[in-house]
Each structure stands twice: as structure tokens, then as C-alpha cells.
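Novice: From first to last, the protein sequence lines are chains A and B. In terms of the numbering used here, the first sequence opens at residue 1 and continues consecutively. In terms of the numbering used here, the second sequence opens at residue 1 and continues consecutively.
No lab work stands behind these hints: they were computed from the structure. Heads up, a few of these hints could be off.
Which copy? The list can't say, so a pair holds if one copy fits it or any two copies do.
What the hints assert, rightly or not - Calculated cross-link-like contacts (lysine-lysine; reagent style DSBU-like; alpha-carbon spacing at most 35 Å): (1) LYS52 - LYS126; (2) LYS86 - LYS283; (3) LYS28 - LYS52; (4) LYS30 - LYS52; (5) LYS283 - LYS126; (6) LYS283 - LYS52.
Protein chains: 2
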Amino acid sequence: MLIVQKFGGSSVANAECVFNVAEIVTEKYKEGNKIIVVVSAQGDTTDDLIEKAREINPHASRREMDMLLSAGEQISIALLAMAIEKMGFPVVSLLGWQAGFNTNSTYSSARIKRIQTERIKAELDKNNIVVVAGFQGVNRFGDITTLGRGGSDTSAVALAAVMNAEICQIYTDVDGVYTADPRKIKNAAKLDEITYDEMLELATLGAQVLNNRSVEMAKKYNVEIEVLSSKSRVPGTKVKEAAKMEKMLIKSAAKDTNVARVMIVGIPDVPGVAFQIFSRIAKAHINVDIILQSVGRDKTKDITFTVAADKGNAAVAALKEYIDMVGAKEISFDTDVAKISIVGAGMETHEGVASRMFEVLGDAGINIQMISTSEIKVSVLIEAKDADRAVSVVHAAFFDDSLAL
Amino acid sequence: MLIVQKFGGSSVANAECVFNVAEIVTEKYKEGNKIIVVVSAQGDTTDDLIEKAREINPHASRREMDMLLSAGEQISIALLAMAIEKMGFPVVSLLGWQAGFNTNSTYSSARIKRIQTERIKAELDKNNIVVVAGFQGVNRFGDITTLGRGGSDTSAVALAAVMNAEICQIYTDVDGVYTADPRKIKNAAKLDEITYDEMLELATLGAQVLNNRSVEMAKKYNVEIEVLSSKSRVPGTKVKEAAKMEKMLIKSAAKDTNVARVMIVGIPDVPGVAFQIFSRIAKAHINVDIILQSVGRDKTKDITFTVAADKGNAAVAALKEYIDMVGAKEISFDTDVAKISIVGAGMETHEGVASRMFEVLGDAGINIQMISTSEIKVSVLIEAKDADRAVSVVHAAFFDDSLAL
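Pulled out of the complex, with its shape left as it was, chain A reads as follows (with noise of 0.2 Å):
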């Protein structure tokens, strides 16, 4: 059986962690599986980096960013092997350029091209452990490339997809996926399942468990992975396919205070203000998420959207000009509101889950803003300083009497 698995940073921090990466390593590799390990820069190596290079120039290119940076992955890959070496166990470690990993040439934030196996699967026969640096990449002049924010979980999933690993284990320091975040609500429950869509909606709620491309990519290439904890021995979240799994409805209960709600007050009520207003948020590029459009009155209508928190000012600075001619009443935004969100597939055969929401969070005095719905998601809008106390009673509701709903 073929295996990844992907170790961060704080897994390989230090010589301890490192070794004991190296017993989770050799201890599937005992049982007779074959071993690919992806591994980030060791803890604080690549802010570290940062530093040396924002002392020497806050303004170097990219190129010069990723070559340096890369050197972090170089230094972990390096130890892990020797830590392996040191247990007895035959083991090579591959940059990512010697693994094969063909990226385009955006630097700093490059996507994965390809990825030539020759090398690994060679070094698979030999009956290695291969230790293979994530997060970079070779572009097609034979520069250094790396792939950006969560790029070894990206790493890991590619390679896994590339070589049909039977499964991409990624270690974190949580020991899988909660129903809520598991540091504020005391009762919240480890998934042993969750899908690729719901994952992805988990991590738009500020869930951040996975990066979104590895999810994606995920998805993509129909690759089970899961989530799970270097530092405990138990197993941890799998994310997979629905049709893999029992039906389960709602997963998680999450909050995220990463948002700006912007409010356009008595706007003329004419056709195409909406695309005029969002095209230029568009061309700002702001990601929008929730837009609420008030129904027409003397008119003239409201329009709300919320954007992430530090993206507030930008919002009301690109419509500045539009607004000014059109003539609007007012716009301004704030960032005292946080949204709320259930996620669970097949939510949408249950009209009840919706409601039920609500009803708790008016039974509590919350104050619902704003309303957003998917197929497998709801989300609302509160104010900020209610928003550790709605989490609290939403996940009450679906998770305490489980799924009597």
C-alpha cells in the first residue's frame, strides 16, 4: 500500500518532533507500506527568513523570495532523513525539483504543472522512504518556485493523485475536524467523515484545517485524505467522497470574525446597479461572500455585502466615484459582525435545519443581520460580541440531541 503523508512545520520544529515524525514514519513503513513523506520548513524557519530578507530589501522579487525560502524545506527534508537513517531505516530525501515537480513560473504563489515521478517511483523500488520537500516547485527555466500560502498540503495531495497513493494522511496539530472549534465549545465532536465540498465550505468559514487548493485538488483527483494529529496516536477525519460515506447531515457549526459589512443606503432602484457595484468590487479584486439587496422603496433600494475584514476600506474606496454619481445616500462599512454557519451535505431535503437555527438564535436575543444559504451550508450574519455565544447554542441544538431534528 502506498501512503503519503505531510508533516508541517510545527511537527518538525525540533530534533524531538522530528524523531518522532520519524517513528510515525517507520511505523507504517514497518507494516509493509511504501512511504512518501511531505514535510514543510521546521517551526520558525521560514518567518525567520522573512526577516533576513525584509532587513536587506521589503521589496526583493519574487524569484529571490522563493529561492531563499525554499531553503527551509531543504533543511527539514535533510533531518528527517538522517532521523530515519538513525532508526535503521533506508530513506532518501528529494527537493522538490528532484521529485519532479514542474510548476508555472508564478513565484511566490506557483500552481503544480506536473509532476515527473521517475525519480520517486525509483527510489520506492529501492525500497526507500522517501522524504520529499513540499511547498516548491521548478518552473520550465529551471528556477526555484514555491507554491504559497498551505503549499505542502497541495504538495502531498498532487503526489498522492500523481502516484495513487491509497491515501494522503495529513498531520496537523488538531486531530481531525470538529463540529465546532473544539477550543471554545466544550462538547464538540471529532468527524470521522466529512466530504470535499463540506471541507471546502469549513475553510470559508475560517475553519482553516486544510488549505482550499489541497481540497480542491482533492476533489479533483478523487483522493481520500485525512486529518489527523502527529502529536496523538488516534485516528483522525477523513475527507472523501460522499458517495463513500453515510449520509450524515449537519458537520460543523463555525464562526468567523474575518469580515467587513458594507452598507450602500438609498440607492436609485434601477436596473444594473448591482453589476455596476460589483463588477468594480470585481475589478478591485475583493472576494464578495454575502449580498443582501433590500426590496425597492421611493425608489430607491439598500444593498449590503460583506467582504473579509481588512478589504473594508478598499470596498467603499472603489465605489467611491460610482456612488458619488448615481447619488446615493450613504456607504460606509464595519467590521463589528462575524458570521455564523452550519455546514452538513444534503442540508437542503431539510427545510427544517434552517429554521431551527434561527429559532435557537432568536430563543437566545441574537439578532440575525444577514442570511446566506447553499446546498450545504447556513450562514448569518450577527454582531460580533454575540458570536462565541451563538456558535455555543447552534451547536447545542444540532449536536447535543445529535440528529433528532
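Starting from the structure of chain A, add chain B where the hints point.
Specialist: For chain B alone, coordinates are given in the frame of chain A:
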């Protein structure tokens, strides 16, 4: 004019140093030269990485050590490129494999087999300053290798050779080659020029300014080297063919305390004894420096030779069995000795040189234990405690009244 410049680890130890190097580089570039810069790892990076490895596995494979250590230059070339970018000059950094350094597979002390110059030439044609990682290359399996001690000097000289550079400037923490160690001898004078052979002799004497392999390579390919300091902006010492130089006599007086003297007393005076002894020493991979054999007496003789201080034990061990077999009175070694040498081209035609050296040592009451001479060198072995005084009187004899032999 194409110039290769090489900067060691202390020259790029921190942001300030990196900018100092960037200034030296861009000054030459502004004069209209094409520039290739070879850089070592920053200050203590290599030691830090070695310590990380030692913590995990003191017996790590050399392949993984090379993988680990080569990250050091990767960091320094990126940082130097960023500094040059900041100053507004076009620049590109290249790793050993990107710069075409093909080596054999002797990890940790690989030999350069070939440099494929296409990439470097293309970058120079684009008017880029090319910053190359010293010390590293790639073998035919696509694995990273390092060149061992002083490897960056070798990288620089090799590049200067294949690129037909006008000169290879090696920047160090001294501003040239001196007639004696300037930290010890007050009136030691900096040389304008020195030949390759003299430089090699100096290196074996412990005055390690340049790595031997790089000097040998420079001699073979007739690459003119300039040794100079990255701190002061003064001309250094040029290392080149004697033909190019005005004939000078004594170039330098140096001492080497890394010496063990091995003595075999009372060994049978029969043919083949020397062969038996030194073939065993060679088999143990021990380099022998001076050899002294006494005239036979009472059918026995004494053989004394010197090796590096830390090889004394091994040399005695290698000979134990043979000595016991043929019967010798005693074998022992001591490290309480020092080698004092004077070096200079054309010495063989001036018999007065050696005798003057012996004379001043005798006048100073310093006993000479062994003598070795070559065409360009006279070395004597003395007691370690006399070493500094010996260099002083010898230097005074040859340099204070200059060439008035």
C-alpha cells in the same frame, strides 16, 4: 571584462556585510564589467546546520549532510541578490546545479567534473550580475553534492577558468598574502604578487589563505587570482605564473604547529625498511611531510618523520606490528614541535638562503631537529616553544634588510 568575485562566509555574515559586498560587486559592474559572484554560506550558518544534524544523527549519511549544508549558500545568494536588487541593479542568483556545476558522487568532498555554462552565459548576456552558490554541485544522479573545505574558492576558480575570466578575486578577512603572519610579526609586508607554487607551499605551511585545490586548479588553467579584503578597498596580492612576475626571492616566513614527529629508534639497517614503513603509513591514509633517516650504525638506524598533529597516534598504531616483527628499540611520537619555513621562487639558485636561515636560528639559540628543502622552500623542525621567536628572527633576517643576502 569578465570578473569572478568570491566572498566567504564572514563577508556576508549579516545585512550590513551583505550590502558591503553588494557595493563592491556593483562598483565593478558600473565600470562596465560582467560580474559573476560566488558566495559561501553566511557566517555561522554552516556550523548551525552541522549542530542541528549532530543533535539528530552524528553519523548521518554524507548525501543527507550535503543536502542539509547546501541550504546555507542558497540563503546567502538569495540575500545578496536582494541587496543588489535594492541598489537598482539587474541580478539573478543561481544554485550550484543551476549554474551547471557537475561533480562526481563523493559526497562532502566532491570534485567538479564539468561546468555547463549555458545558463550563466545567458544571464550575463542579459546584463545580469550572476550570483552563484559556491561549495555545491550536482552529480549524475541529480543529487546535491558539496566540494568540502574551501569549496567556494574552488567553485570561483573553476568558473573563472571555464568562463575565461580576466581575474578571479577572492575576498577574505585578510587583505593579501604577507611575508609572515601580520598578527605575529609587526613588520610583515604584504606581497603584490606570488606564484602558484609559492602559494601552495605557503598553504602546506599552515598559512591558509587560499584552499590548495583552488590554487592547483588556478595553476592548471592559468587563472590569475587576487586575494584581497572585503573590508578595506586596497589592492590585494595577485597569484599568478612566475613568467608574469618580476623575479623575487624569499616571499614569506611561516610556522606550522600542527605537527607530530614520529621517531623509530634502532630499526635494522637493511634494504626495504623505508618502503615497509611508509607503505604502511600510506595505507592508513596518513600524509607524511619531512622524513629523516640517520646513517646506519651498529647495523641499526633511526627513522624520524612528521605527520599532522592528530595523526601521530594513528601512525604509531599503523607501524606497531611491523616494528614488533623486525625488532626496533622504540617507536614514539611527540607533538611538541613546530615547522618553520621560508618560501620563495628561485631559492635553489641561492645556496646562501638555507645557510642564512640556519645561522640566525643558531644565533638565537634555537636548536634545529630536522631539515627539509625543496626548490622553493626551506623548512626546519624545532621545539614548539621556540616557534614564534624563530619566525621573528628569520623574518627579520630576510625582510628587514630585504634582499641583501
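Novice: Since the copies are identical, ignore which copy is meant and state whether LYS283 and LYS126 lie within 35 Å (CA to CA) inside a copy, between copies, both or neither.
Specialist: between (52 Å within a copy, 34 Å between copies)
Novice: Since the copies are identical, ignore which copy is meant and state whether LYS52 and LYS126 lie within 35 Å (CA to CA) inside a copy, between copies, both or neither.
Specialist: For LYS52 and LYS126, only the inter-copy Cα distance (28 Å) is at most 35 Å; the intra-copy one is 39 Å.
Novice: Please sort LYS28 with LYS52 into within, between, both or neither, judging by C-alpha distance up to 35 Å.
Specialist: For LYS28 and LYS52, only the inter-copy Cα distance (26 Å) is at most 35 Å; the intra-copy one is 38 Å.
Novice: Within, between, both or neither: how does the pair LYS30, LYS52 come out at a Cα-Cα threshold of 35 Å?
Specialist: Only across copies: LYS30 and LYS52 sit 27 Å apart there, 41 Å inside one copy, limit 35 Å.
Novice: Tell me, please, which holds for LYS86 and LYS283 at an alpha-carbon limit of 35 Å: within, between, both or neither?
Specialist: between (54 Å within a copy, 30 Å between copies)
Novice: First find the shortest C-alpha distance between LYS283 and LYS52 inside one copy, then the shortest across copies, and answer within, between, both or neither for a cut-off of 35 Å.
Specialist: within (34 Å within a copy, 48 Å between copies)
Of the numbered hints given earlier, the model fails none.
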